[in-house]
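S.K.: Those protein sequences? They're chains G and P, same order as listed. The numbering used here numbers the first residue of the first sequence as 1 and each following residue consecutively. The numbering used here numbers the first residue of the second sequence as 434 and each following residue consecutively.
Calculated from the structure, these hints are not laboratory results. A couple of the hints might just be wrong.
Pair ranges (Cβ atoms, derived) [stated by the list, open to error]:
id : chain 1 : residue 1 : chain 2 : residue 2 : range
1  : P       : P587      : G       : G252      : 37 to 47 Å
2  : P       : A485      : G       : A173      : 30 to 40 Å
3  : G       : N420      : P       : N629      : 23 to 33 Å
4  : P       : A575      : G       : K404      : 20 to 30 Å
5  : G       : D263      : P       : Q472      : 44 to 54 Å
6  : G       : P272      : P       : P587      : 47 to 57 Å
A short list of chain G residues far from chain P (calculated; beta carbon distances all over 10 Å) [unchecked claim]:
id : residue
7  : S196
8  : R244
9  : G262
10 : Y292
11 : K312
12 : L364
13 : K383
Ideal Cβ placement from N, Cα and C applies to all residues, glycine included.
So you can see what is in the structure, the chains are spelled out below.
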Amino acid sequence: MYRNKGISRFAWLLLTVALIMAATSVTTWAAPKETVTVLGVWGGQELQAFNKVLAAFEKKTGIHVEFTGTRDTVAVLVTRLQAGNPPDIAALATPGLIWELASKGQLVDLGKVLNMSQMKKDYAQTWLDLGSYKGKLYAIFFSVDLKSLVWYSPKAFAAHGYKIPQTWNEMLALTKNMAASGVAPWSIGLESGAASGWPGTDWIEDIMLRTGGPEVYDKWVNHEISWTSEPVRRAFELFGEIARNAHYVYGGPTAELSINFGDAVKPVFADPPKAYMLKQATFIQSFIRQAYPNLQPVKDYSFFAFPAIDPKWGVPVEVAGDGFEMLRDTPAARKLMQFLASPEAQEIWVHELGKLSVNKRVPLSAYPDELSRKAAEIVLQAKVARFDASDLMPAALGSDAFWKGVLNYVSGQDLDSVLNNLEAVAKKAYGSK
Amino acid sequence: MISTGSPNPAVPGGKHRPAPAFRLAVPGAAGTVGGVASQAFLHLVIALMCLAWILPTLGVLVSSFRPASAVANSGWWTIFANPFDLTQYTLANYQQVLEQNGMAQAFWSSLLITVPATLLPMLLGGFAAFGFAWLRFPGRDALFLLMVGLMVVPLQMTFIPILRIYSRTGLAGTLVGIWLAHTGYGLPFAIYLLRNFFGTLPGELFESAYIDGASPLTAFLRLALPMSVPALASLGIFQFLWVWNDLLVALIYLGGTSSLAPLTLKLSSLVGSYGQEWHVLTAAAFVAMVVPLILFFSLQRYFVRGILAGAVKG
Numbered sequence: 001m002y003r004n005k006g007i008s009r010f011a012w013l014l015l016t017v018a019l020i021m022a023a024t025s026v027t028t029w030a031a032p033k034e035t036v037t038v039l040g041v042w043g044g045q046e047l048q049a050f051n052k053v054l055a056a057f058e059k060k061t062g063i064h065v066e067f068t069g070t071r072d073t074v075a076v077l078v079t080r081l082q083a084g085n086p087p088d089i090a091a092l093a094t095p096g097l098i099w100e101l102a103s104k105g106q107l108v109d110l111g112k113v114l115n116m117s118q119m120k121k122d123y124a125q126t127w128l129d130l131g132s133y134k135g136k137l138y139a140i141f142f143s144v145d146l147k148s149l150v151w152y153s154p155k156a157f158a159a160h161g162y163k164i165p166q167t168w169n170e171m172l173a174l175t176k177n178m179a180a181s182g183v184a185p186w187s188i189g190l191e192s193g194a195a196s197g198w199p200g201t202d203w204i205e206d207i208m209l210r211t212g213g214p215e216v217y218d219k220w221v222n223h224e225i226s227w228t229s230e231p232v233r234r235a236f237e238l239f240g241e242i243a244r245n246a247h248y249v250y251g252g253p254t255a256e257l258s259i260n261f262g263d264a265v266k267p268v269f270a271d272p273p274k275a276y277m278l279k280q281a282t283f284i285q286s287f288i289r290q291a292y293p294n295l296q297p298v299k300d301y302s303f304f305a306f307p308a309i310d311p312k313w314g315v316p317v318e319v320a321g322d323g324f325e326m327l328r329d330t331p332a333a334r335k336l337m338q339f340l341a342s343p344e345a346q347e348i349w350v351h352e353l354g355k356l357s358v359n360k361r362v363p364l365s366a367y368p369d370e371l372s373r374k375a376a377e378i379v380l381q382a383k384v385a386r387f388d389a390s391d392l393m394p395a396a397l398g399s400d401a402f403w404k405g406v407l408n409y410v411s412g413q414d415l416d417s418v419l420n421n422l423e424a425v426a427k428k429a430y431g432s433k
Numbered sequence: 434m435i436s437t438g439s440p441n442p443a444v445p446g447g448k449h450r451p452a453p454a455f456r457l458a459v460p461g462a463a464g465t466v467g468g469v470a471s472q473a474f475l476h477l478v479i480a481l482m483c484l485a486w487i488l489p490t491l492g493v494l495v496s497s498f499r500p501a502s503a504v505a506n507s508g509w510w511t512i513f514a515n516p517f518d519l520t521q522y523t524l525a526n527y528q529q530v531l532e533q534n535g536m537a538q539a540f541w542s543s544l545l546i547t548v549p550a551t552l553l554p555m556l557l558g559g560f561a562a563f564g565f566a567w568l569r570f571p572g573r574d575a576l577f578l579l580m581v582g583l584m585v586v587p588l589q590m591t592f593i594p595i596l597r598i599y600s601r602t603g604l605a606g607t608l609v610g611i612w613l614a615h616t617g618y619g620l621p622f623a624i625y626l627l628r629n630f631f632g633t634l635p636g637e638l639f640e641s642a643y644i645d646g647a648s649p650l651t652a653f654l655r656l657a658l659p660m661s662v663p664a665l666a667s668l669g670i671f672q673f674l675w676v677w678n679d680l681l682v683a684l685i686y687l688g689g690t691s692s693l694a695p696l697t698l699k700l701s702s703l704v705g706s707y708g709q710e711w712h713v714l715t716a717a718a719f720v721a722m723v724v725p726l727i728l729f730f731s732l733q734r735y736f737v738r739g740i741l742a743g744a745v746k747g
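If we strip away everything but chain G, and leave its shape as in the complex, we get (with noise of 0.2 Å):
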């Protein structure tokens, strides 16, 4: 009784493979339709935002779009590029790959996609420059953060009667100032997954920026200049001032270590505050609106542009993208990308998010509120602006080691044995590039 049982279930669930199969081999092959694949990052409202571009896009031209976002967007790609697989169409957000890949010849050259006359119209040439491979262009710059900003609550400045800071010395001062009050200056956080430590090369990032200038950065990109040389030196120090001093971060160096990113706004925006800046990206709004969804901007939570430090070379800013590189030459994938290098994709992205665009004729009334625009402003008229230089080093140095440095600094390491360190692995790094 019971084995019979057991026979017919089998067959039964056999049976209903065999109409599952048949029902979807109907369904999954019937699709013909003009269709580009773009892989990216994206998720959330992000992923909303960019529906929303490519929905206008369908509608424009009625080519279907394929997105797939995954964080892993880096290790699927080139998985599929080494398969013989690629999508047509990437986003990517590190300037280091994308020339890499376009040196493998992976990627299509964009000057016979693109109007190049009308692009170095749009963009400014810092970008094309990002974007380029000897001299041809590879990626469009679609998305861009600005990472040289410092959040604060204006409430809480206000009731203490703290001044915006102009310079290094002045921020200095505000931030033995406030700790003298018992609150702490700063909140930092390091934990990020296996990312942790990225929030920290921001600060040396923007400290090399305002102490060396924008030709020293570049030297410290491309390795030309050592890890143990004086500016890199100067640069973890002037951050192990504030990010080793237990006085001026909130919960200390530990603490630091272990609060993550993102959970880095809590401290400043909670009430009463337990911590009064934080030193971040444009992106970071999404995580105070998230934790704090009453909160107006400008009103009560803003930024101001972190300080100059050698009055010799300003403010300059530092930002990071996202930009899309073709894979696949289609007439389907060319439409798509001419679609996204022009203000009628980016004014969506931006209105929708808040993001920032770099062409220049977007604009600033597409901005959804006051900071964005702000943001926009601070990146469209700087002078100096550099790419995240971890992004732009080889990736076991920008990617890991870089990172790991940071965390060992703050965690009490000896500066000369992380700057070593460090360069030992940029001289592998760079070696095999």
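Go by the hints and put chain P onto chain G.
M.R.: Okay, now just chain P, sitting in the frame of chain G:
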């Protein structure tokens, strides 16, 4: 996997079964002082292990009913301060997950991927395991060792070569491709598990069947399979969970075919590129858990029946 810790499990659907037989199978365990002490110790360990597993899940469950700002600002255990204050709970996270575009499609895709990708390795693994256990052919043990060895190979290593084959044969981005991939990844374990189970079946059974004129296929279908329902059920659960929860294999082999994207892909895209909005994942986790839970509870009777059958036969 079997959650019944009590000595007399309330067997779902087991109406006619003589429950005391199970107790008789362990005579002398209860009653003596040492027996009681060791039983108490055993129960304590089991209880602690259950707690260690359940506590994080409970945290996720509680978080899934809390608003985003509360999740961001305080730990889930803070609800126990006044657990009956209903204003602190919300269904917004579930609403956000379920109202996403294409959720129904993703559910359906997950089923379309998982059901065949579970049954295929069970079927093929059953055939192979029977061969390894009861058919004599040269190189049998070496082949079996090779199969077991394959369990050690990390599947990430296979992505590039297999995807290369797939993109040449047009299998990339198709359901058939992903069924075959999951079948391949699941087979070594399936064969290993089933072979070991088949190996414990009495050999006289098959001998007498062969004397009666049964072919190996008949012996497999009529004898080995029906007696292995518990092993098949556990294998089914393992494989189903593995495929249902898989994100990476689908991400690589399905490429950009979003119409076939399973639930895991859909849910992972709820989180922003910096990990914003992760609180939605708590609700998403429970939405994704529904099907495996149904499967587990509906197959649980087979586990218990299997244990019982073995005990009675002694």
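S.K.: All hints, please: hold or fail.
M.R.: Here is how each hint holds up against the structure:
1. P:P587 to G:G252: 37 to 47 Å: 40 Å, holds
2. P:A485 to G:A173: 30 to 40 Å: For G:A173 against P:A485, whose Cβ atoms are near 50 Å apart, the range 30 to 40 Å is violated.
3. G:N420 to P:N629: 23 to 33 Å: At roughly 54 Å between Cβ atoms, P:N629 and G:N420 fall outside 23 to 33 Å, so the hint is violated.
4. P:A575 to G:K404: 20 to 30 Å: 45 Å, violated
5. G:D263 to P:Q472: 44 to 54 Å: 45 Å, holds
6. G:P272 to P:P587: 47 to 57 Å: 51 Å, holds
7. S196: G:S196 is indeed farther than 10 Å from all Cβ atoms of chain P, at 12 Å.
8. R244: Correct as stated: the minimum Cβ-Cβ distance to chain P is 25 Å, above 10 Å.
9. G262: 6 Å, violated
10. Y292: Violated, because the least Cβ-Cβ distance between G:Y292 and chain P comes to about 6 Å, which does not exceed 10 Å.
11. K312: Non-interface label stands for G:K312: nearest chain P Cβ at 34 Å, farther than 10 Å.
12. L364: 24 Å, holds
13. K383: Given a closest Cβ separation of 28 Å, the condition holds.
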